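4 protein chains.
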Amino acid sequence: MSYTELKREVFEANLELQKRGLVIYTFGNVSQIDRAKGVIAIKPSGVAYENMSADDMVIVDLENQIVEGTVRQVMRPSSDTKTHTHLYRHFADIGGVTHTHSTYATAWAQAKLPIPCLGTTHADFVYGAVPCTAEMSNEQVQRDYEEETGVQIVRCFAELDPNAAPMVVVAGHAPFTWGKDAAKSVYHAVILEEIARMAYLTRTLAPQGDVLARAVMDKHYFRKHGKNAYYGQTK
Amino acid sequence: MSYTELKREVFEANLELQKRGLVIYTFGNVSQIDRAKGVIAIKPSGVAYENMSADDMVIVDLENQIVEGTVRQVMRPSSDTKTHTHLYRHFADIGGVTHTHSTYATAWAQAKLPIPCLGTTHADFVYGAVPCTAEMSNEQVQRDYEEETGVQIVRCFAELDPNAAPMVVVAGHAPFTWGKDAAKSVYHAVILEEIARMAYLTRTLAPQGDVLARAVMDKHYFRKHGKNAYYGQTK
Amino acid sequence: MSYTELKREVFEANLELQKRGLVIYTFGNVSQIDRAKGVIAIKPSGVAYENMSADDMVIVDLENQIVEGTVRQVMRPSSDTKTHTHLYRHFADIGGVTHTHSTYATAWAQAKLPIPCLGTTHADFVYGAVPCTAEMSNEQVQRDYEEETGVQIVRCFAELDPNAAPMVVVAGHAPFTWGKDAAKSVYHAVILEEIARMAYLTRTLAPQGDVLARAVMDKHYFRKHGKNAYYGQTK
Amino acid sequence: MSYTELKREVFEANLELQKRGLVIYTFGNVSQIDRAKGVIAIKPSGVAYENMSADDMVIVDLENQIVEGTVRQVMRPSSDTKTHTHLYRHFADIGGVTHTHSTYATAWAQAKLPIPCLGTTHADFVYGAVPCTAEMSNEQVQRDYEEETGVQIVRCFAELDPNAAPMVVVAGHAPFTWGKDAAKSVYHAVILEEIARMAYLTRTLAPQGDVLARAVMDKHYFRKHGKNAYYGQTK
Chain A
1 MSYTELKREV
11 FEANLELQKR
21 GLVIYTFGNV
31 SQIDRAKGVI
41 AIKPSGVAYE
51 NMSADDMVIV
61 DLENQIVEGT
71 VRQVMRPSSD
81 TKTHTHLYRH
91 FADIGGVTHT
101 HSTYATAWAQ
111 AKLPIPCLGT
121 THADFVYGAV
131 PCTAEMSNEQ
141 VQRDYEEETG
151 VQIVRCFAEL
161 DPNAAPMVVV
171 AGHAPFTWGK
181 DAAKSVYHAV
191 ILEEIARMAY
201 LTRTLAPQGD
211 VLARAVMDKH
221 YFRKHGKNAY
231 YGQTK
Chain B
1 MSYTELKREV
11 FEANLELQKR
21 GLVIYTFGNV
31 SQIDRAKGVI
41 AIKPSGVAYE
51 NMSADDMVIV
61 DLENQIVEGT
71 VRQVMRPSSD
81 TKTHTHLYRH
91 FADIGGVTHT
101 HSTYATAWAQ
111 AKLPIPCLGT
121 THADFVYGAV
131 PCTAEMSNEQ
141 VQRDYEEETG
151 VQIVRCFAEL
161 DPNAAPMVVV
171 AGHAPFTWGK
181 DAAKSVYHAV
191 ILEEIARMAY
201 LTRTLAPQGD
211 VLARAVMDKH
221 YFRKHGKNAY
231 YGQTK
Chain C
1 MSYTELKREV
11 FEANLELQKR
21 GLVIYTFGNV
31 SQIDRAKGVI
41 AIKPSGVAYE
51 NMSADDMVIV
61 DLENQIVEGT
71 VRQVMRPSSD
81 TKTHTHLYRH
91 FADIGGVTHT
101 HSTYATAWAQ
111 AKLPIPCLGT
121 THADFVYGAV
131 PCTAEMSNEQ
141 VQRDYEEETG
151 VQIVRCFAEL
161 DPNAAPMVVV
171 AGHAPFTWGK
181 DAAKSVYHAV
191 ILEEIARMAY
201 LTRTLAPQGD
211 VLARAVMDKH
221 YFRKHGKNAY
231 YGQTK
Chain D
1 MSYTELKREV
11 FEANLELQKR
21 GLVIYTFGNV
31 SQIDRAKGVI
41 AIKPSGVAYE
51 NMSADDMVIV
61 DLENQIVEGT
71 VRQVMRPSSD
81 TKTHTHLYRH
91 FADIGGVTHT
101 HSTYATAWAQ
111 AKLPIPCLGT
121 THADFVYGAV
131 PCTAEMSNEQ
141 VQRDYEEETG
151 VQIVRCFAEL
161 DPNAAPMVVV
171 AGHAPFTWGK
181 DAAKSVYHAV
191 ILEEIARMAY
201 LTRTLAPQGD
211 VLARAVMDKH
221 YFRKHGKNAY
231 YGQTK
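Protein chains in written order, with the working numbering: chain A, 1 to 235; chain B, 1 to 235; chain C, 1 to 235; chain D, 1 to 235.
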């Protein structure tokens, strides 16, 4: 895939964030990787969606160095770039990463709570709870904050499969989601916001309610994922 | 009614789900029955609303077998088809069925609680609480999940009239609604979401509040339903 | 004012309900009185906003008798007509009445609670709490329900000035608002919904919070109302 | 800057309030100062956004005297003008002020609570809690209410930097925000509403949750503000 195509896909995925109501102003950022070339394209830092063009996406390698892709003046990449590259380096299967401060998912992050699996809407997309990272130590914050945000996320998946729960809430911060490409990571960001909203309503309505039974959770997850899936059209 | 007409009505009812904000992406499905022909038309599985045409609706009989209605490649019907056909087989008067994961109704489903009749908005459409099914046993889940979802709903109406409460929330899952045709079942899905939202707000504001007095409930329900109704224009 | 003009104003006020998001489907109704002629125009019963024309508004006298205003087939007036005429007969200064089931105001009605004055947004429009009627007795419900709804509202204002609190929530039901004409009664319905929403959020955030201090309440109310008002432009 | 330019900027900032959904009807007002000339432009009192033109903005000096800027009939300035001028006189660095009754920020004001810093969305814009003023004494209310609203706000910042927390909620009332110009003060009003909404959700979900760790708060605030900031593009 050419840099031009990669930037176009990342640009469109970033615009989708705005269209779906997940971000205001310059909030949020989406990236996509080209593993063959060892580079990602990512939204530039602090640029309004209205003024952005596909050409403004920044190409960086996995050590966060800017790779000049165009003759035009290169912009500074998202301040969260190191979190994105950390995830690409550690989660081998993912191709796109999205970060938002979407309202309900952020409320769970601020409450420092994982989002329990309370129903089939959740089970259709995530196997088990949406994990919440541990809080960062002061030392981590001061060392290399954005890199360490990635470290906290990866630690959180030490015994979890990032493909089975393609999303996380970072304690005190906000969500990150991922998928096979930029578009799919945005899709997961939209799903997460809806799951988070339903879970908020369920918990405030019935604080002591049980999580979804394991058998139903398995049923819903595996009718959409894996070799026995039967949801959707055959390819 | 021809297959073409049946598909057209079902297609439009499905689009209405999206216009009314009850679904995102491929969530939700609506069907309608032609009892003379013994078939239903239903939304195809996992197809985006934007890409769908009336011709993509799938015709299946009441044993869930696809009846080829067009020369075009037939799509796989909604994965919830067996729940729809189960309801048509057991609720003799209904002509349309809608399934959504609308946010507030799903919160009640996830809380595994019936929606109490707290006011006249509710009483105008549903006589008594909106029932919540019992949870499925593990055995049911493994046997034939979508069929058993229908079984749970029908059981829930053993002593209730499905015409007087044309809606249900399935515990841990989401709502199903029905009516004389596809359009009316969507109408009930919209009403349910509004009733569910009002009941959520009422319960979180005043957790100990009483349900609506029986006399008012009767008054509102019967001024709109049955032979003494006086709401609306004479036909 | 001719019947045609009266119907036009009432028609437009009814459409405003929909534009402001206070109603779905055929919910809600607005009327306006011509006190010289002793008649009101009111929305017909159960007609969709999309299909309604100004000519469909129904002219009835204060004893709820239809006065034929046009050659066209007269429609049945709103099923809540008797509540409207009851209010016009007892509240001498009002010229328009609106009834909705707007979500937050209805939640307070369903909780059977008056809406306390918690801030200046409220005090700008309503002096003191928005009252909540007592529940109706079974006998009232069976006698003449819509008339008795008016009776409950009027009773609620035995020691209150309907001009200083141009709105009420009817216990277990929903709000009624009024004003000098139909448009102003709709304006008050919009304000009430916003006040009700703010009060819901305030109470669920801080259940034990105090109401607004009397001095601030007086200040805000009287800077907008009465002979010493200084808000807005001089007429 | 000419009066015409100043009015144009203030007019556009006021319209932005409506576009962003922070106000209904005539709610809200924005002003901007020209410190060289010692005047501000501010929205006229009680005029609907639909009927307003740039020319209707009112020019007043810092003692609240109207300075006739145009040949057209001068309108009465916002009834909150004295609060605006009080803030300009005491906060030397600010160039624009916005007042709204946006829903969630107003709920915190009505609860008479500061908005705690619960996450990085907040820390990106405000250093520490969004303060809540003390309630006004009855004497203050009666003396000169709008001026005293300014007094309460300035007192609240006796030991706080108004540049580090460019916003406040006035107890029992609603928010005021400020910035280097009118547009930036509106930007802060939008941010405040989102922060207030997230904090409401977080507190109702987990009432006992901790505030954000100091190290993370410092990190987020200072990566966007001050001489070591690295968010956004270099100027």
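Treat the hints as calculated values from the structure; they're not laboratory data. Treat the numbers as computed from the prediction; the structure is a model and nothing was measured. Quick reminder that beta carbons are idealized off the backbone N, C-alpha and C, glycines included. Don't take every hint at face value.
[Unchecked claim] Derived coverage of chain D by chain C (criterion: at least 3 residues anywhere in the stretch with Cβ under 8 Å from a Cβ of chain C; other residues may be distant): (1) 31-44; (2) 80-87; (3) 98-112; (4) 140-152; (5) 217-225.
[What the hints assert, rightly or not] Capping the alpha-carbon separation at 25 Å, the derived lysine-lysine pairs in PhoX-like fashion look like this: (6) A/Lys227 x A/Lys37; (7) A/Lys227 x B/Lys82; (8) A/Lys219 x B/Lys180; (9) A/Lys227 x A/Lys184; (10) A/Lys19 x D/Lys180; (11) A/Lys19 x C/Lys224; (12) C/Lys184 x C/Lys37; (13) A/Lys180 x A/Lys219; (14) C/Lys19 x D/Lys37; (15) A/Lys184 x A/Lys224; (16) D/Lys184 x D/Lys219; (17) B/Lys19 x B/Lys227; (18) D/Lys19 x D/Lys219; (19) B/Lys184 x A/Lys19; (20) B/Lys184 x B/Lys227; (21) B/Lys224 x B/Lys82; (22) D/Lys227 x A/Lys19; (23) D/Lys219 x D/Lys37; (24) B/Lys37 x B/Lys227; (25) D/Lys227 x D/Lys180; (26) D/Lys180 x D/Lys224; (27) C/Lys19 x B/Lys19; (28) B/Lys224 x B/Lys180; (29) D/Lys37 x D/Lys224; (30) C/Lys19 x C/Lys219; (31) A/Lys224 x B/Lys37; (32) D/Lys219 x D/Lys180; (33) B/Lys224 x B/Lys184; (34) C/Lys224 x C/Lys184; (35) D/Lys19 x C/Lys184; (36) C/Lys180 x C/Lys37; (37) C/Lys19 x B/Lys184; (38) A/Lys227 x A/Lys19; (39) B/Lys227 x B/Lys180; (40) C/Lys184 x C/Lys219.
Measure nothing beyond the straight line between the CA atoms of C/Lys180 and C/Lys37; if it is 25 Å or shorter, mark the hint as holding. OK: C/Lys180 and C/Lys37 at ~16 Å, within 25 Å.
(message) D/Lys180 and D/Lys224 were given as a pair; does the straight-line alpha-carbon distance stay at or below 25 Å?
(response) This hinted pair holds, its Cα atoms lying about 16 Å apart.
* Asked: Is the Cα-Cα distance between D/Lys219 and D/Lys180 25 Å or less?
  -> holds (23 Å)
Against the 25 Å threshold, does the CA-CA distance of C/Lys224 and C/Lys184 hold or violate the hint? holds (15 Å)
(Q) Count the residues of the region 80-87 of chain D whose Cβ falls closer than 8 Å to any Cβ of chain C, and tell me whether that reaches three. (A) Answer violated; 0 residues pass the 8 Å Cβ test.
**25 Å limit on alpha-carbon distance, applied to hinted pair D/Lys19 and D/Lys219** = Violated, because 32 Å separates the two Cα atoms, which is more than 25 Å.
C/Lys19 and B/Lys19: Cα distance at most 25 Å? The given pair, whose Cα atoms are some 16 Å apart, holds under the 25 Å limit.
| task | Take a quick look at whether A/Lys19 and D/Lys180 sit within 25 Å of each other, Cα to Cα. | result | Violated: A/Lys19 and D/Lys180 sit about 29 Å apart, past 25 Å.
Does A/Lys219 lie within 25 Å of A/Lys180 when you go C-alpha to C-alpha? holds (23 Å)
Open item on the list: Holds or violated: C/Lys19 and B/Lys184, Cα atoms, limit 25 Å.
Closed with: holds (23 Å)
Practice item. Decide if the proposed pair is consistent with the structure: B/Lys224 and B/Lys184, CA atoms, cutoff 25 Å inclusive. Key: holds (15 Å)
Please verify whether B/Lys19 and B/Lys227 have alpha carbons no more than 25 Å apart.
violated (33 Å)
Checked against the numbered hints given earlier, this structure breaks hints 1, 2, 5, 6, 8, 10, 11, 14, 17, 18, 19, 21, 22, 23, 24, 29, 30, 31 and 38; the rest are met.
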